[in-house]
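Trainee: Here's the letter readout for the chains.
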Amino acid sequence: MMLSVSIWAPIILGALAFFMRSRSGQVFIMILAAGLFATLACSILSHFDVSLSSHQLIERALWIKQYKIHYFLGIDGISLPLLMLNLFITLVVLLNTFFTIEKDIHVFQGLMLIMAGLVNACFVTLDIVLFYLFFEAMLVPMYLLIRRWGGKNRVYASYKFILYTLAGSLPMLVAILFMYSVISAGGALSANFDISTFKEAVAKNWFGFADQKWLMWCFFVAFAVKVPMFPLHTWLPDAHGEAPTGGSMVLAAITLKIGGYGLLRFVVPIFPAAFVYYQSTIIVLSLIAIVYVGLVALRQTDVKRLIAYSSVSHMGFVTLGIATHTAMGIQGAMAQMISHGFVSAGMFACIGALYHRLHTRQMEDFGGVATAMPKLAVLAILFAMANLALPGTSGFVGEFGVILAVLESGVGDGYALIAGLTLIIAASYTLLLCKKVFWGEIKNPILNHVKDLSFGECCVLLSLAIPVLVVGFYPASILKYSQSSVNFLLQGK
Amino acid sequence: MSDLLVVLPDALLFGSLCFLVLVAAFLNSRCILRWASIATVLGYLWSVTYQTHHISELIAIGDAHFKSLFVLDASSLGMKTFAGIVTLLVIIFLESIVFASAPEKAKEGVIIVLFGLLGASIMVGASHYLMSYLGLELLSLALVVLIAWGLETEQLEAAIKYFILSSLASGILLFGVSLIYGATGHLNFVSSALVRYPLYNMYTIGQILIVAGVAFKLGWVPFHFWISDVYASARWYTIVALSSLSKIGIIGFMMRLYDTGVFSSNVIASQFIIVLSILSILIGNILGVQQKSLRRILAYSSIANMGYIGLALVCRTGAPFYLAIYILNTLVMASILFSRFGHALDINLEDIKGFALKHPYQGALLTFTMFSFAGLPITPGFWAKWHVFKGFFAQYSPWFAIFIIIGTLVGTFYYVRIVKYLYEDVDAKDTEINSKITPAISSSFSYGMSLSIVVIALLWSTVAPDALLSWSERITGKGTATLEEAARLPVASPHAVFTTKAIPLKVPTLQKSLNNPLVNPMPPVQ
Amino acid sequence: MISLSISHFVFISTLVFLIGLVGFLFARKSLVVLLMCIELLLLACTTNFVVFAKKYADIDGHLAVFFILTVAAAESAIGLALILLFFRKTQSANISAAVSLKESV
Amino acid sequence: MLPTLVFSIFSIVLLMAALGVVFSRQAVHAALNLVLAFFSAACMWIMLDAEFLGLVLVLVYVGAVMVLFLFVLMMLDFAKPVEVEVNTPNYRFRVGIVIAAFMAEMGILLYSKMSSVSISSGDALTGMQWSVQQLALRLFNHYAYAFEVAGAILLFAMVAVIGLVKYSDQENSPKAPKRQNIADQVRVKKEDRLTLVKSS
Amino acid sequence: MNQSYLLIPILPVLGALISGFLGRFLGKVVSVTIALLLMLATLGLSVFWLNQVNAGVHINQDIYTWAVFGKAAFSVGFLIDPLSVMMNLIVCSISLMVHIYTIKYMEHDEGFFRFYAYISLFTGVMLSLVMANNFLQLFFGWEGVGLVSYLLIGFWYNRESAIYANMKAFIVNRVGDLGFLLGLGLLFKFCGTLHFDSIIQQIPMLASKQYMLPFIGNVHLISLIALLLFIGAMSKSAQIPLHAWLPDSMEGPTPISALIHAATMVTAGIFMVSRFSPIFEQSDAVLNFMLAIGSITAASMGLLAIIQKDIKRIIAYSTLSQLGYMTAALGASAYKIAVFHLLTHAFFKALLFLGAGAVILAKHHEQDIRRMGGLAKKMPVTYICMFLASLALSGIAPFSGFFSKEPIIEAVKLSTQPVASWAYILLMAGVALTPFYSFNLIFRVFHGEENEEIDSHHNHHAHDHHDSHDAAHHNHHPEPFFSIKLPFIILAVFSVINGFWLAPKIIYGDYFANTLTALPTHPAWVHITEEFHGVGQAIHHSLTALATWLAVGGIVLAFIYTKRFPKLAMDVPGEKKSIFMRWFSSGYGFDFIYKLLASFTMAIACFACQVDKWGIDGLINVLPRGVNAYGSRLRQWANGSISTYAYFIVLGVVLMLGYLVFFLR
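Chains as they are written, first to last, in the working numbering: chain R, 1 to 493; chain Z, 1001 to 1526; chain A, 2001 to 2105; chain L, 3001 to 3200; chain F, 4001 to 4665.
Accuracy of the hints is not assured; some may be wrong.
Simulated crosslink set (SDA-like; lysine to any residue; CA at most 25 Å straight-line) [said to hold, decoys possible]:
id, chain 1, residue 1, chain 2, residue 2
1, Z, 1358, R, 102
2, F, 4209, R, 411
3, F, 4378, F, 4567
4, R, 480, F, 4073
5, R, 435, F, 4378
6, F, 4209, R, 418
7, L, 3166, Z, 1153
8, R, 103, Z, 1358
9, R, 435, R, 469
10, A, 2089, F, 4640
11, R, 435, F, 4204
12, R, 152, Z, 1424
13, L, 3166, Z, 1029
14, Z, 1292, F, 4578
Hint data in this document are derived by calculation from the structure and do not stem from the laboratory.
Make the full structure from the sequences, and use the hints.
Mentor: Written out as structure tokens, the structure is:
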């Protein structure tokens, strides 16, 4: 019941939000959402048993009889932190809309809430088709967000976003259908679209290894686009760069995580053998993402694009961690996903606050922001430090875990060295960003007149900054949820 | 008298038509004509329902008298219901237009549409090539007249184009029928399919020519050129009729060919249908991107969607389902565009700039429809594509997916482009262009009613496609049991694909089936 | 001298069909000529039916011819009406007059 | 021997006439060629024991439909020279290829495997009562339904043609009530109303 | 009191939070008082724990589990042993001095509270670093002090040079951190834990392992680990070639140069190597490497200090040189001595920096020694203290430097490592250089004529940031302030007494008996201990030592040099220098190499950028472009002509039949 509420309540609230033209109505929606999400989070957390490795809070009902598609929800340690992250980030973004969105706040909030519902759905569905539905449906509100509130180049960016993602996920659809046809022809299993059914079918060798390999790639590509992994990442800078602040925050903080989540939920458990077979390929791609995309970030002049490329680079650690196929690596990937959720959202919020005041995203138009807006600078530097994985911030946890996992898993210690280069590269581009934007003298005359963060904006940024530190100093508070599920995932039963 | 019950729907329809013709000739009352025609369709629907309930007795009677000309079964009755409902919508739509634009001289238009329904009704029930041909011609001619019904130069030109090309296609189809007759000596579907050793080449050519004729009517590439021009000039109700009534007739005909064993999943004709379908998906969408005119976009969307339906036909699953959802989408788009632009011929993308901002509800509906066309979840369009893919990839190689995916992506692009324009901010200089937006008939009751019916149907088929699906399955006869059925076929069964270690790159089903007929000239038919 | 067989007749009807097709393709004619080409196509089909009726000693082929002739007559009537209307609008009944609807510029 | 000769003559006439339909410059010539084609086809049908059909073709088709064609042709204004469609040589070439290919394919497909049933007059149909009566029985019993449908088509053709032409007439005939066409009035240019005549 | 050591890192952080976030509300007096009290409390606790340790207490306790990755648990925990309490004491005392000193020094800076927050934060982080009981926490502190260093170097963030320097410092440190992280990762891989004691227990296992390096072949695993860890130490402790950030870091306010870049943070590397002496002991190769790097750094950086004009840079190079000594000591397995030098150096170098700060303040933020002179009369306390500190630095007998530096040289001399003899020569050269540059500074700044041509125009371009506050600085002589003098005096006293007071306990005594040990195969230190016969004896012995005479010679030489060339030439912008001089004055061209590397990286990045834009994105854009181009060509066919359309219909049929012919024939 709770999981259904977590899907549908935001969507209904979002539909309601479309009618709130007045500011008070929007605030009302915001408060309602806050209350709802807090209640949801509390009740889910209180009913969640950390020690169990299987799915909990299960809801299951037949939805479409002909297709044997079930309305099948459940939550485990892998999805729970991400679900909580989504609830949290959505609230923050809702709050942030008041400070960054100039037109049609009510529509923006509505789309945001709908998006939250769909993302929640992605995290809790256990029926592959249901997942696919929500996975694709998510594109629509995001498309509209970019389309309506985006920057100058929003048209290109929004097309690219939707077509790229669709192109990635259609092969998955084909693979799902193919697998289902084999499963239903086999007859030994009760044919349905449960993940466990697919898993069992593969485990029972109903598919030849060659088949498993291409099926794995079909699934993999869908999520690799979302993550995004190296050769499929080029939509992200455009989408992030052009999206409105809230859109970028949600894109970076949440939707990218669905990629990682999908790998953990589908690719790794369903195709363990094929995944291990292509382990080194995936590792190499991840490393390219980490190093090469990091280098690309170094040359960006557009602040949001820089952060976007840095997101790609950081998400490389997620795929790297998953590719190690060890509990440590996957836990590291989880930590990295959570951390990146807060950090990238924070960085985008900072840049959003700047963009809202200066209406530019070019580095050369900034400089000396620390003088003009000290509060912003303090928080931005904190996020920057998290971005370059300074210990004590959340950014460190994941990268540390993943690098150690690479060494521990024995896939090749050289990989760890290359992954470690991020220490230098991430520091370079992040500090370059700080140097050009926050330090130095004020060059842009507008900066002399801008006001520092308002109380509300401070709340937005602080609410992202505090988790960054909490996770940085006590990651076990989050990792404890995923521990047993990750172990379960790797034991393959 | 009980004989008549067997042909009750058609007889009722034809009888009422004779009556309506007289009404139109002697009573110059549009009102009577309208309600009489609506009553006719309702009567038609009732009689179909009656037949559905008494199907077993009727079959017994029918066997004695009309055996070889047409069949009475779930499939034909279902398609007839489908055609009837669609006609009802078209009539409501047409009549609401008449109200709005008084100069339109479409009094007899209703009769034409009903003739079209008669044609479609005959086609979907026919089990005899001659009956099919007669139905097809009636349907085509009705469409020709409907296209011409605006009587402007553009419409006449389009009607002439459609008429001539459609006659060409009918000629090709008929030549094919004559060859099948020559190869088997029978004109009945079942009997001709049961001939053990027909003149195989001639038989195959006949099949191919029939496919070509059907391809023209459905607008499969490269037989699609007329669609764009016709859509660009015809009245909206014609467009709706073209994309609903005519497709129902043709698809009913094709389904019947499959059901009776003339075609089956592994004859060459099926391979051609697949190739043409995929070509349609690809080229229809690629050309759709090129269009600026919304009417032409709708045309190419129709072409591409017929491609998907082709796949559904071949794997014998869910073509009516796909068609129903396609018709719903088209209806929404057509009615919204009509309500805002009237009969304007050049509705360009620029003209709908900011449309959704001005009219949020219609804009949202149009957006939903576009995403549904594109097949994005959660829209009925997704279920439609899902269903087709599900059936198709259960039988054919996943390598076809490459083309289908590319086509689908390209299609998504131009549907999404429409959404883009819908939500675009209107600049000051664009207001002049937008002056073309004139609220025409959105207040009309019947229009509102039909639109809301359509919207309810859309939402319903999104959330619970179950009912529509089971209906579609019932109609399709063999339905989703394709896999089991295909398993019984000796060659090119899906298991041949599934059990191979790797999927070879060379499109296995296609090649195997191509070699197959020489070994096993006719597919076994029960 | 070879003896006549079915294939000869089919050969001729196929040729007629072909010539009908050619008529569609070389479009320098009046639209009415295209209607006549349609008649040629139908003539080829009917001839086929007659031939195969002979081959199978089956009367259905002859009946097919009846129906086809009916349809052809209806078709010609509608086609001629359309051409007439078109002529009234544009003062031309040539194929080259009916090219205003097109995509390419 | 004789049938072969007759067949050859009629088939050659038929083909020539068909070519004449396609390639004659005047539409009236085409129509007359078509009449000839129908006639020779009717003769061939008669060779195939379809006497009644042959007669129907000549009487109904040549007698009614072709007259209709000619009638319409007369109504159209052919005073203007026929515009010659610019069929580029490239296009002709492509069409030629397609037609040749079509012919070749038909030839290969039909004649490589077609069993040749020899037609010596009347042998195949001896077992049947081959008469108009037979035809009628079949038509009104077995094909009654189709017959009705054919009737529907004819009815439709009638309704459609009358409808189309009637409304068209209303608009164009001088007897129709006069209407004010504002668009035309606005579009009027000064040349339409005013003619300057220069006196030399 | 069992858990009271936890307060040692917490209290300064608390102070940082108070002055950082509440400073403006509390006012200067209150917040500074709080910060000082907290520091004092921390110092008190450190002393308390020193006593506890002396009484034999040894604490190794995990506080909480930081994270569990898979089966591996990482925790945050503290280790109280002689080394950590000693480091605590150094950090706390220097930090307290700097806290006091800063009250006046930063009085008029608008970033006053920020500065306090930073130094308090630094103290806290540094304390948690030295008290770590596992590598993870060490790494926490390691990077944390890097962060604070970054923030403090860029404290005046309006200065381009400052923000360039802080970025450079951070990135260069990151290079070392990469090595450190990898070393740590390898330890984790083979030991399965990051706890010091568990790792040290497993050293025999590690020592027995070989490790396959691509292109190189098998190496000893423990050598590799030690090398990687030492790379981390190199960047932190600014050893060649990762040293170049330290001179630039002088862009920060002077108090932090004293605290961070002289006394504490830069010695973290030395501390770390000492902490893991059991690992390093196992690898002769790395010991040799350390010896070589240390001695080269010591000599070459000493040489560079001579030609510096900037008072802070002279001291910075001196710091580099002294860090080289410490590293060399580590290489000679004389860990105790290295740590002891760390201790003595912390006090006298902090004093030197603070003194330099006072001078700078007095000269209105002038840092060029060529514009100084004759300050001795005006600032007698500063003068005396700095003089004493310089004596200590030079290793003159009774002062603390002697007791730490002399054993280093002895240890290197006695070391059995192959490179020890070369290192010895280099270190001896360093011994002569040290007094020369120290006293060069002293003489030029405090003696001679007072250089009154302190132009405000010079200040403008150098430190215009401070101009607005100069009005408040009309008092040229900050000496009267007690808060400036007090740290001087305290530090001076310790610079003098540390040597003979602590050396017997630390180097020759058994303070580090169980903490820092060398293998019997590296006996240098044992020999030194054997040769030691009390402080007096040592001082007496020093009179005959070569090093002492070299040092005295250096002082004399400096005296002569300053007398002979009282005025150093100002740099003329267009002046031609020889290549050698340019190479030399640019710090052996390391900056050039850094820049080369940076621009090389940027070039690669630029290439990557183009690849991304045109290669990958371009490849992906091929599909839409192709679709568009193909579509517009296809569109040409829809020309409205019936015959064209019919042509395609026939063509379609022909193609289908052709297919049939092909396959059905």
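Trainee: Next, verify each hint and record whether it holds.
Mentor: Going down the list of hints, with the structure as the test:
1. Between residue 1358(Z) and residue 102(R), the direct Cα distance comes to roughly 19 Å. Compliance with the 25 Å bound is thereby established for this hinted pair.
2. For the proposed pair residue 4209(F) and residue 411(R), the alpha carbon gap of about 19 Å is at most 25 Å, so the pair holds.
3. For a cut-off of 25 Å, the pair hint linking residue 4378(F) to residue 4567(F) stands: about 20 Å separates their Cα positions.
4. About 11 Å separates the Cα atoms of residue 480(R) and residue 4073(F), which keeps this hinted pair within 25 Å; it holds.
5. Between residue 435(R) and residue 4378(F) the CA atoms are separated by roughly 40 Å; this puts the pair beyond 25 Å, and the hint is violated.
6. For the proposed pair residue 4209(F) and residue 418(R), the alpha carbon gap of about 23 Å is at most 25 Å, so the pair holds.
7. At most 25 Å may separate the alpha-carbon atoms for a hinted pair to count; residue 3166(L) and residue 1153(Z) meet this at roughly 16 Å.
8. Of the supplied pair hints, the one linking residue 103(R) and residue 1358(Z) holds, its CA atoms being roughly 15 Å apart against a limit of 25 Å.
9. For the hint linking residue 435(R) to residue 469(R), the alpha-carbon distance of about 23 Å falls within 25 Å, and the restraint holds.
10. A threshold of 25 Å between alpha carbons decides the hint, and for residue 2089(A) with residue 4640(F) the separation of about 18 Å falls inside it, so the pair holds.
11. Proposed proximity of residue 435(R) and residue 4204(F) is contradicted: the alpha carbons are some 47 Å apart, above 25 Å.
12. For a cut-off of 25 Å, the pair hint linking residue 152(R) to residue 1424(Z) stands: about 13 Å separates their Cα positions.
13. In summary, the hint linking residue 3166(L) to residue 1029(Z) is supported, as the alpha carbons are separated by about 17 Å, within the 25 Å threshold.
14. Distance hint between residue 1292(Z) and residue 4578(F) is unfulfilled; the C-alpha atoms sit about 72 Å from each other, more than 25 Å.
Of the numbered hints stated above, those contradicted by the structure are hints 5, 11, 14, listed in ascending order.
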